[in-house]
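Asks: Read off the chains here:
Number of protein chains: 2
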Amino acid sequence: MFKNWEKAPKGERIDLADLLSQLKVTDEGLIPAIAQQQDTGEILMMAWMNRASIEETLATGQVCYWSRSRKTYWRKGESSGHRQKLKQMRVDCDGDTLLLLVDQQGPACHTNRRSCFFYMVDDKGATVESDPGSGL
Amino acid sequence: MFKNWEKAPKGERIDLADLLSQLKVTDEGLIPAIAQQQDTGEILMMAWMNRASIEETLATGQVCYWSRSRKTYWRKGESSGHRQKLKQMRVDCDGDTLLLLVDQQGPACHTNRRSCFFYMVDDKGATVESDPGSGL
Chain A
0 MFKNWEKAPK
10 GERIDLADLL
20 SQLKVTDEGL
30 IPAIAQQQDT
40 GEILMMAWMN
50 RASIEETLAT
60 GQVCYWSRSR
70 KTYWRKGESS
80 GHRQKLKQMR
90 VDCDGDTLLL
100 LVDQQGPACH
110 TNRRSCFFYM
120 VDDKGATVES
130 DPGSGL
Chain B
0 MFKNWEKAPK
10 GERIDLADLL
20 SQLKVTDEGL
30 IPAIAQQQDT
40 GEILMMAWMN
50 RASIEETLAT
60 GQVCYWSRSR
70 KTYWRKGESS
80 GHRQKLKQMR
90 VDCDGDTLLL
100 LVDQQGPACH
110 TNRRSCFFYM
120 VDDKGATVES
130 DPGSGL
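One line per chain: the protein sequences are A and B, in this order. For the first sequence, numbering that gives the first Met the number 0 assigns the number 135 to the last residue and increments by one with no breaks. For the second sequence, numbering that gives the first Met the number 0 assigns the number 135 to the last residue and increments by one with no breaks.
If you are wondering where the hints come from, they were derived from the structure by calculation, not from laboratory data. One thing to keep in mind: the hints can contain errors.
Identical copies carry no separate label here, and so any pair may be met within one copy or between two of them.
As the list claims (entries may be wrong) - Derived lysine-lysine pairs resembling DSSO-like cross-links, with alpha carbons at most 27 Å apart:
{"hint": "1", "residue 1": "K9", "residue 2": "K123"}
{"hint": "2", "residue 1": "K6", "residue 2": "K123"}
{"hint": "3", "residue 1": "K86", "residue 2": "K123"}
{"hint": "4", "residue 1": "K70", "residue 2": "K23"}
{"hint": "5", "residue 1": "K70", "residue 2": "K2"}
{"hint": "6", "residue 1": "K2", "residue 2": "K23"}
{"hint": "7", "residue 1": "K123", "residue 2": "K84"}
{"hint": "8", "residue 1": "K23", "residue 2": "K123"}
{"hint": "9", "residue 1": "K23", "residue 2": "K9"}
{"hint": "10", "residue 1": "K2", "residue 2": "K123"}
{"hint": "11", "residue 1": "K6", "residue 2": "K70"}
{"hint": "12", "residue 1": "K9", "residue 2": "K86"}
These numbers come from a predicted model, not from an experiment.
Given the sequences, and given the hints that come with them, work out the whole structure.
Replies: What follows is the structure in structure tokens.
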């Protein structure tokens, strides 16, 4: 269906159940979700969602992922307080990636850096951009 | 090793071969790469890289992905002219996602929209944000 939908003009609507049923997910029913701070454009993290976590996130406005390591729902900030409020969800052209525009409270990274993408890579190696805890 | 590296202070260096050998890749040796327009912060697309395509991208400054559907290197813009010049590559805390800050020439999406993330999702469905071809 994404092959048909991509031809649609600006403003066309797609039903949520149709959209969710056509997402391209992994064998475990997961789709990657990029979290971007909505005002600064900073990329905070990437994690995974399943259909139920997408629906919960849309319903509550608080981002809920699926934790592949813990095999359970991961309501971002539930224990740390570093919650993500959803401002807008987007899907890409072929329906295999989500983009979450969020308001991130405090650091997004488990190292308490603001963003998870703190290694800057060049053709010789990588440089650590920020100190652990610097996002607090 | 990423578990050790994450404790490193700002400015610490990691050797490229060490970094690449520790990336968490899929069974096919792939890692997802988010492409972000470096000046506007717009998320353009997500695609996949393998070790050789990462090394080529760092060496040439032109982004080279691995196409999962065509099972070959995908030098972005080679046929369309819509090339991506690499400005900075980043890796996340657990080494399973890349972030590419790029200068995108023309549209990034195969629908000739500027970005692949043109479906805006809400709790009822999705709205197409832009017309096909609007990124030209």
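Asks: Does each hint fit the structure? Answer for all of them.
Replies: So, going through the hints one by one against the coordinates:
1. Only between protomers do K9 and K123 lie at most 27 Å apart by alpha-carbon distance; the minimum there is 17 Å, versus 44 Å within a single protomer.
2. Taking CA atoms no more than 27 Å apart as the test, K6 paired with K123 passes between copies only; the shortest distance there is 21 Å, against 43 Å inside one copy.
3. Proximity of K86 to K123 under the C-alpha cut-off of 27 Å is restricted to the inter-copy arrangement: shortest distance 15 Å between copies versus 38 Å within a copy.
4. For the identical chains of this complex, K70 and K23 are neighbours both inside a copy (20 Å) and across copies (18 Å), given an alpha-carbon limit of 27 Å.
5. With identical chains, the CA atoms of K70 and K2 are at most 27 Å apart between copies only, with a shortest distance of 20 Å across copies and 32 Å within one.
6. In this assembly of identical chains, K2 and K23 lie within 27 Å of each other by CA distance solely inside one copy; the values are 12 Å within and 31 Å between copies.
7. For the identical chains of this complex, K123 and K84 are inter-copy neighbours only, at 18 Å across copies versus 38 Å inside a copy, given an alpha-carbon limit of 27 Å.
8. Proximity of K23 and K123 under a CA criterion of 27 Å is satisfied inter-copy only: 19 Å between copies versus 36 Å inside one chain copy.
9. Taking the closest pair of Cα atoms, K23 and K9 come within 27 Å of each other only inside a single copy of the chain (23 Å); across copies the shortest separation is 38 Å, beyond that limit.
10. For the identical chains of this complex, K2 and K123 are inter-copy neighbours only, at 21 Å across copies versus 41 Å inside a copy, given an alpha-carbon limit of 27 Å.
11. When the C-alpha separation of K6 and K70 is checked against a cutoff of 27 Å, the pair qualifies only between copies, where the shortest distance is 26 Å, while the shortest distance within a copy is 37 Å.
12. Proximity of K9 and K86 under a CA criterion of 27 Å is satisfied intra-copy only: 20 Å inside one chain copy versus 31 Å between copies.
Going down the numbered hints, you'll see the structure goes against none, and every one checks out.
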